[in-house]
Amino acid sequence: MIQLFHVYKSYGRHRVALEDITLRIEKGEFVFFTGSSGAGKTTLLKLLFGLERPESGQILIQNKNIGRMKESELPHLRRTVGFIFQDFKLLQKKTVFDNVAVAMQIAGAPPAEIRRRVSEVLGAVGLERKKEMLPFMLSAGEQQRVCVARSIVNHPTILLADEPTGNLDADLTADIFELLKTINAKGTTVVVATHDRDIVSRVQRRVIVLNQGKILDGGA
Numbered sequence: 371m372i373q374l375f376h377v378y379k380s381y382g383r384h385r386v387a388l389e390d391i392t393l394r395i396e397k398g399e400f401v402f403f404t405g406s407s408g409a410g411k412t413t414l415l416k417l418l419f420g421l422e423r424p425e426s427g428q429i430l431i432q433n434k435n436i437g438r439m440k441e442s443e444l445p446h447l448r449r450t451v452g453f454i455f456q457d458f459k460l461l462q463k464k465t466v467f468d469n470v471a472v473a474m475q476i477a478g479a480p481p482a483e484i485r486r487r488v489s490e491v492l493g494a495v496g497l498e499r500k501k502e503m504l505p506f507m508l509s510a511g512e513q514q515r516v517c518v519a520r521s522i523v524n525h526p527t528i529l530l531a532d533e534p535t536g537n538l539d540a541d542l543t544a545d546i547f548e549l550l551k552t553i554n555a556k557g558t559t560v561v562v563a564t565h566d567r568d569i570v571s572r573v574q575r576r577v578i579v580l581n582q583g584k585i586l587d588g589g590a
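Count along the sequence shown starting at 1, add 370, and that's the number in the working numbering.
Please note: incorrect hints may appear among the correct ones.
The calculated lysine-lysine pairs, modelled on BS3-like cross-linking and capped at a C-alpha distance of 25 Å, are [unchecked claim]:
hint, residue 1, residue 2
1, 556, 440
2, 416, 434
3, 501, 434
4, 416, 459
5, 556, 397
6, 416, 551
7, 500, 459
8, 551, 440
9, 434, 463
10, 463, 500
11, 464, 501
12, 416, 584
13, 440, 416
14, 551, 397
15, 459, 551
16, 464, 440
17, 556, 584
18, 551, 500
19, 397, 434
Pairwise CB distance ranges (calculated) [unchecked claim]:
hint, residue 1, residue 2, range
20, 440, 507, 39 to 45 Å
21, 380, 575, 25 to 31 Å
22, 565, 390, 32 to 38 Å
23, 537, 444, 25 to 31 Å
24, 571, 441, 38 to 44 Å
25, 483, 394, 43 to 49 Å
Hints in this document: simulated from the structure, not taken from any laboratory.
Cβ coordinates follow ideal geometry from the N, Cα and C atoms, glycine included.
Turn these sequences into a full structure, and let the hints guide you.
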């Protein structure tokens, strides 16, 4: 499902973000990337989503080498890989419905299918009654639920999440992770970057520990 072989990534001469990363994540796994700030967690997720390119090494997503993909080929990849951003990245002048629908519109889905599937995922995250609201009218937890809905509306085989509960309290954090566990139980591979050791210990899934761009534990 996801394989990395001796991946390196740097920003300039003196900042090594990732060094000799080799790991394998099987289909249907739920995996945490943990480590302190600057450990390389976010960079690793960006590489998996094609937002960054490795300097060397190989990254295979469903047997496709994304490091060698052309920019024009990446949108097709992203139809099967969802991404939950730490800072929400919601369109502030668009409704909840439209924020979720945009992912399907980009993929070229017909209007009737968009209406059906957006309503379906908003119901799954408990926001169907708030579909006409704008993001500023929602709580932080509700905004994060919109992000989850947007990331799964195309039924991705892989879901990446970068500190998905970094701005939420303990109760809302638990709610979001219950959603992620439900999504994973339906067959989606889930990869979460977080520094929250409490949630990692509660969820009890595979943990890959990063430190200064290197894997300390869990990569095998």
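Going through the hints against the structure:
Our distance criterion of 25 Å between C-alpha atoms is broken by residue 556 and residue 440, whose separation comes to about 31 Å. Between the alpha carbons of residue 416 and residue 434 the distance comes to roughly 16 Å, so the proposed pair stays at or under 25 Å and holds. Restraint check: the Cα-Cα separation between residue 501 and residue 434 comes to about 36 Å, which exceeds 25 Å; the hinted pair is violated. For the hint pairing residue 416 with residue 459, the CA-to-CA distance comes to about 15 Å; that is within 25 Å, so the pair holds.
Using a Cα cut-off of 25 Å, the hinted pair residue 556 and residue 397 holds, with the two alpha carbons roughly 12 Å apart. Taken as a hint, the residue 416 and residue 551 pair is honoured in the structure, with Cα atoms around 22 Å apart against an allowance of 25 Å. Of the supplied pair hints, the one linking residue 500 and residue 459 holds, its CA atoms being roughly 18 Å apart against a limit of 25 Å. Under the criterion of a C-alpha separation no larger than 25 Å, the hint pairing residue 551 with residue 440 is inconsistent with the structure, at around 33 Å.
Among the hinted pairs, residue 434 with residue 463 is inconsistent with the structure: their alpha-carbon atoms are about 36 Å apart, more than 25 Å. Proposed proximity of residue 463 and residue 500 is supported: the alpha carbons are some 15 Å apart, at most 25 Å. Between residue 464 and residue 501 the alpha-carbon distance is near 10 Å, which keeps this suggested pair within the 25 Å criterion. This hinted pair checks out: residue 416 and residue 584 have alpha carbons roughly 16 Å apart, not beyond 25 Å.
Between residue 440 and residue 416 the alpha-carbon distance is near 16 Å, which keeps this suggested pair within the 25 Å criterion. Between residue 551 and residue 397 the CA atoms are separated by roughly 14 Å; this keeps the pair inside 25 Å, and the hint holds. Using a Cα cut-off of 25 Å, the hinted pair residue 459 and residue 551 holds, with the two alpha carbons roughly 23 Å apart. For the hint linking residue 464 to residue 440, the alpha-carbon distance of about 31 Å lies beyond 25 Å, and the restraint is violated.
In summary, the hint linking residue 556 to residue 584 is not supported, as the alpha carbons are separated by about 31 Å, beyond the 25 Å threshold. With a C-alpha separation of about 23 Å, the suggested pair residue 551 and residue 500 falls inside the 25 Å cut-off, and the hint holds. Using a Cα cut-off of 25 Å, the hinted pair residue 397 and residue 434 holds, with the two alpha carbons roughly 14 Å apart. For residue 440 and residue 507, the hinted distance range of 39 to 45 Å is satisfied, since their beta carbons lie about 40 Å from each other.
Between residue 380 and residue 575, the C-beta spacing of about 30 Å keeps the proposed range 25 to 31 Å intact. Between residue 565 and residue 390, the C-beta spacing of about 22 Å breaks the proposed range 32 to 38 Å. Against the hinted window of 25 to 31 Å, the Cβ-Cβ separation of residue 537 and residue 444 comes to about 28 Å, which satisfies the hint. At about 40 Å, the beta-carbon gap between residue 571 and residue 441 stays in the expected band of 38 to 44 Å.
The hint said 43 to 49 Å for the Cβ distance between residue 483 and residue 394, and at roughly 34 Å that hint is violated.
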